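Chains as they are written, first to last, in this note's numbering: chain G, 1 to 512; chain Z, 1 to 410.
Hints in this document: simulated from the structure, not taken from any laboratory.
All values reported here derive from a predicted model rather than from experimental measurement.
Certain hints may be false.
Stated by the list, open to error - Just a few of them, taken from the derived set where beta-carbon distance is under 7 Å, the chain G residues facing chain Z:
1) Ile182
2) Ala255
3) Phe258
4) Tyr330
5) Arg333
6) Asn336
7) Ile353
8) Tyr367
9) Gln369
10) Pro371
11) Lys378
Stated by the list, open to error - List time: in silico DSS-like cross-link candidates among lysine-lysine, alpha-carbon distance up to 27 Å:
12) G:Lys271 / Z:Lys232
13) G:Lys30 / G:Lys135
14) G:Lys378 / Z:Lys232
The beta-carbon is built from N, C-alpha and C at its ideal position, and this holds for glycine as well.
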Amino acid sequence: MKDAMISIRNVTKRFPGIVANDNISLEIRKGEIFALLGENGAGKSVLMSMIFGLYEPDEGDIWIKGQRVTDYSPRQAARMGVGMVHQHFKLVENYTIAQNIVLGMEPVKKTLGFLPLVNLTESEKEIEALSHRYKLDVNPRARIEQVNVATRQKVEILKMLYREADILIFDEPTAILTPQEIEYLLEIIRELRENGKTIILVSHKLEEIKEVADRCAILNRGRLVDIRDVATTSTREMANLMVGREVMLEVNKPAPAFGEVVLEVENLRVKNQDQVEVVKGVSFQIRGGEIFAIAGVSGNGQAEIAEAITGLKPVTDGTIRLNQVEITHYPVRQRNLEGIAYIPEDRQAYGLILEDPITDNLALKRYFQEPFSTPGGKLRPEAFVSYARRLIDTYDIRSNRGEASITRSLSGGNQQKMIIAREIEQDTPLIIFVQPTRGLDVGAIENTWQQILREREKGKAILLISLELDEIMALADTIGVIYNGEMLEIQPASALTAMEIGAYMMGVKEHE
Amino acid sequence: MNKKNPLTAFLGNEKWQWLSIPVFAVVLSIVAGSVVMLLMGKNPLAAYVGILQGAGLVPKPNYAGGTGMLTDFTSFLDALAPMIFAALAVTVGFRAGLFNIGIAGQMLLAGFFATLLVGYSDLPWYLAKPLVLIIAVTAGALAAGLVGYLKHRFNISEVVSTIMMNYIIAYVTSYYIKSYFVNPVSRQSEYIQPAASLTLKNLRVGGVRIDVSIGIVLAVAAALLVYYLLYKTRLGFEIKAVGANKQAAEYAGIHIGKTTVTAMMISGGLAGLAGATFYLGHYASMQPGVLAGLGYDAIATSLLGNNHPLGVLLASVLITTLDKGATYMSSKVGVVREISGVITSLILLFSATGTYIRYRVNRQRQEQKEQQEHREPPEEQSASPAPGEVSAQQVEKSREANLKEGGDEA
């Protein structure tokens, strides 16, 4: 009790439709590496956000260094020595490393006795000393845009150390690093502990937790499942605790009736915008009436697979065939017409034009065809309206002003309904669903699942990319597990348990 | 802050915002202009009447021989034509998410080629006039199309490339005008042949001298055509989709590059027509090395018109009225012409606040609504930045929203 750096007491945090943290109590001791393990949506980030002052708990208290915090904010957190290394770096690209580190607390020196100018010479020295001490060697005068991801992360860490933080929260720090860089980072984390810092490591990678952490709290659906000593717990055990649960929703899934192969992906390779290969030779096929689910932790290449099939990302190598027609290098429009419907992950950025009315968005993939346009290129507004009215009715899209409502004014769930309505109505042989239920409440999730199953009944080939194991277990006929750009395993859904999938998702090999 | 504000209620009606907000902005600016006049000890009402008189919209107490209210009015229409074209050019660009600041340069290039190729020729009017239009459209469209291509192919900001091109065009044309067809007295280019002119100058109607502008007819037609293009055609749908959300447009299968270049060419073509009616109509001559201020005023005009072709028509009338009436107003009320410039600028300044007013009004309505709905999370994002802009606030909001959706994405 005495040496508790952070003490969380009966904390509950609710958001509309979900309980993100349900009566959680835990203590983090001085000088330990404390891991927080859980799936996506388990409530890790919310819990960390409360420790860092971004959210306030609905119930319960947070104590930091024996002091109960009230009126808490990130600024307050920083003052109390809590530092967070964010998953997405918060750095100014064209500033030097030293400038980034001092940003917000720039040392000001009176030049010529009166001119208050920022003086970085001493800070640079200080930063160099700090970086030597923690083996975080960086050149303080290099610009952020010139340095790689691993160095940027070091800068984030140095930023916290420079502010004399002694509780450091790492939010999924290894998600974007190479294996070598991960090794090095874990080394740094140990070094920080040797120097008396308290570390909170948020992760869902079992192996690195096993390697570096002292204790580990496992969250599942907002509840604290257990706190274990890492030394005496196997990764298998941790995976079980993390994934194991009763199925949330019952779905009535009829027996499959597979048809012809609709989509055939062979040896697909895709690079991201930084020219790093993120899909490394993936092959799979989907038959009509089959739901093929790609399971995996976010950022392992699954989003890029969807983008490559739909034509939004160029394919570096391999072939994509749709109903025996090779579409590998077709433009987007031609693929859509050839028979692809796509429910994208980021519905506000890709799926909808938020400033436009419902009518335009529902017709976004049809506006150029009869009856929406004449062959001469003139629009027929009455066709937009009647089509929108029909879809609003069929798919129960709720808005304040009917089909004329601006899309931005709809709730997230109704926006998603719009996209699903539009895509299903395309009546294509292949439908790609990426994270179709992200952010939806239970009722909407069930509704969406029913829709996906109905399309399966109609004999559509369905590619489902999801980070939710529940969803995959409930819907998939066949499951492919992707890890680091490679499809580790493709099996009929009945041949895999959630535990096994969970293990593959973490990159744990079959026979450990 | 959260009490029901009648002004918010009035301006908040989304159906009428296209009209109510610009009108509100204009009223604000007239009030601000009055304050300036009052501070100078002048009668603001007299000043505003003076502006209308100068533009030929209200009769002056007396006229010089051979002139009348019709003279002022036709001259006003003649000046109105290039403003409408130029503001429409800005509008088409904005709608495609492109900020065409190169209107002045595109006008100059179009005017230059039309003057060079047709202005001094002996072609009869029925060949010369259409040729002027065709050359002007082509020159403007090509200049702007190049900008669109650079934007798409090399991701060069159209703001930078159009500004740079403005200067290149200004200096290159200046060199040729000064070298080959400058009038040594006026130091402008020689006047063009009347056959090539888009304004029929010095006609006499009932003993009063008038200028008949062909351009104004074309400009009004162009406004209707742009309206038709943007709201009634497939191409317009695509242009607006690309302008509103490039990613979603690409997702829907719209060819971003083609649409960007096409929109830019339409914008440039309209700028070319502005150039033709300006240099081969209203002035019939070119001033070497000078970019028309109208090319920049058109940006404010388009904003004041809410980037809607019909709104632009009204806004052009307002801005041109101020511009044409300023001289007469200053002599009548007895202030230096610069003061009328101040008034014009104030109106332009307030007109640009339309977006801000809309943002404030909609946010306030949003807050009222949220209060009623017992602190539901803000699913609507009331901040509506101009197309192409990313507001930090919005990014922050969507980030929060993501967190709230309970997904701690890895």
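Each hint, compared with the structure:
1. Ile182: Status violated, d = 14 Å.
2. Ala255: At about 32 Å, which exceeds the 7 Å cut-off, the nearest Cβ of chain Z leaves the hint on Ala255 of chain G violated.
3. Phe258: violated, 29 Å
4. Tyr330: violated, 10 Å
5. Arg333: Hint on Arg333 of chain G: holds, closest Cβ of chain Z at ~3 Å, below 7 Å.
6. Asn336: holds, 5 Å
7. Ile353: At 4 Å from the nearest chain Z Cβ, Ile353 of chain G passes the 7 Å test, so the hint holds.
8. Tyr367: Holds, because the Cβ-Cβ distance from Tyr367 of chain G to chain Z comes to roughly 5 Å (cut-off 7 Å).
9. Gln369: Hint on Gln369 of chain G: violated, closest Cβ of chain Z at ~10 Å, above 7 Å.
10. Pro371: At about 13 Å, which exceeds the 7 Å cut-off, the nearest Cβ of chain Z leaves the hint on Pro371 of chain G violated.
11. Lys378: Holds: closest Cβ of chain Z sits about 6 Å from Lys378 of chain G, inside 7 Å.
12. G:Lys271 / Z:Lys232: violated, 39 Å
13. G:Lys30 / G:Lys135: At roughly 21 Å apart (the allowed maximum being 27 Å), Lys135 of chain G and Lys30 of chain G satisfy the hint.
14. G:Lys378 / Z:Lys232: Roughly 6 Å between the alpha carbons, so the hint for Lys378 of chain G and Lys232 of chain Z holds.
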